Amino acid sequence: MTVEHMIDSRRPGLDPDEPASVWTTASGAPERLVWRGRRFLVHSKPIPWIDRIEWWMLEQRVPRTAALPIEQRMWQVQIRAVDGGEILLIDLAADPDGTWRVTSVYD
1 MTVEHMIDSR RPGLDPDEPA SVWTTASGAP ERLVWRGRRF LVHSKPIPWI
51 DRIEWWMLEQ RVPRTAALPI EQRMWQVQIR AVDGGEILLI DLAADPDGTW
101 RVTSVYD
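To convert, note that position 19 of the sequence shown is 19 in the UniProt record's numbering; the numbers rise steadily by one, no gaps.
These are calculated hints, taken from the structure and not from any lab test. The structure displayed is predicted, hence computed values, not measured ones. Some hints here could point you the wrong way.
[Claimed, not checked] Under the rule of at most 20 Å between Cα atoms (straight-line distance), these lysine to aspartate or glutamate pairs were calculated in the EDC-like manner:
1. 45 / 97
2. 45 / 31
3. 45 / 86
4. 45 / 91
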């Protein structure tokens, strides 16, 4: 599967930044999460990666002397619903404040 195919296969109806409650291993990798009111377990080894933040799109202004974060910790994770549901491939964004967001869902 090419990257272009994966991007085109995003599921409709996904908000760009849906919040998720994520529990991690000691090393910080996601191991389970609650998203859209459903519980999921990580089904295979999560893949960490770094994304660039569109800093020019940020609503919050940063003082001139402050450092501006330009990188975002991301994880591509295969998850399975604990209620016996489907297996999904998602991208998770780990924010510096400890919150997590589902940014993409692939078929």
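Okay, the hints, checked on the actual structure:
1. 45 / 97: Not OK: residue 45 and residue 97 at ~24 Å, beyond 20 Å, violated.
2. 45 / 31: Holds, because 9 Å separates the two Cα atoms, which is no more than 20 Å.
3. 45 / 86: Within the cut-off at roughly 17 Å; holds.
4. 45 / 91: Satisfied, since the Cα-Cα distance of roughly 13 Å is no more than 20 Å.
Violated hint: 1 only; the structure is consistent with all others.
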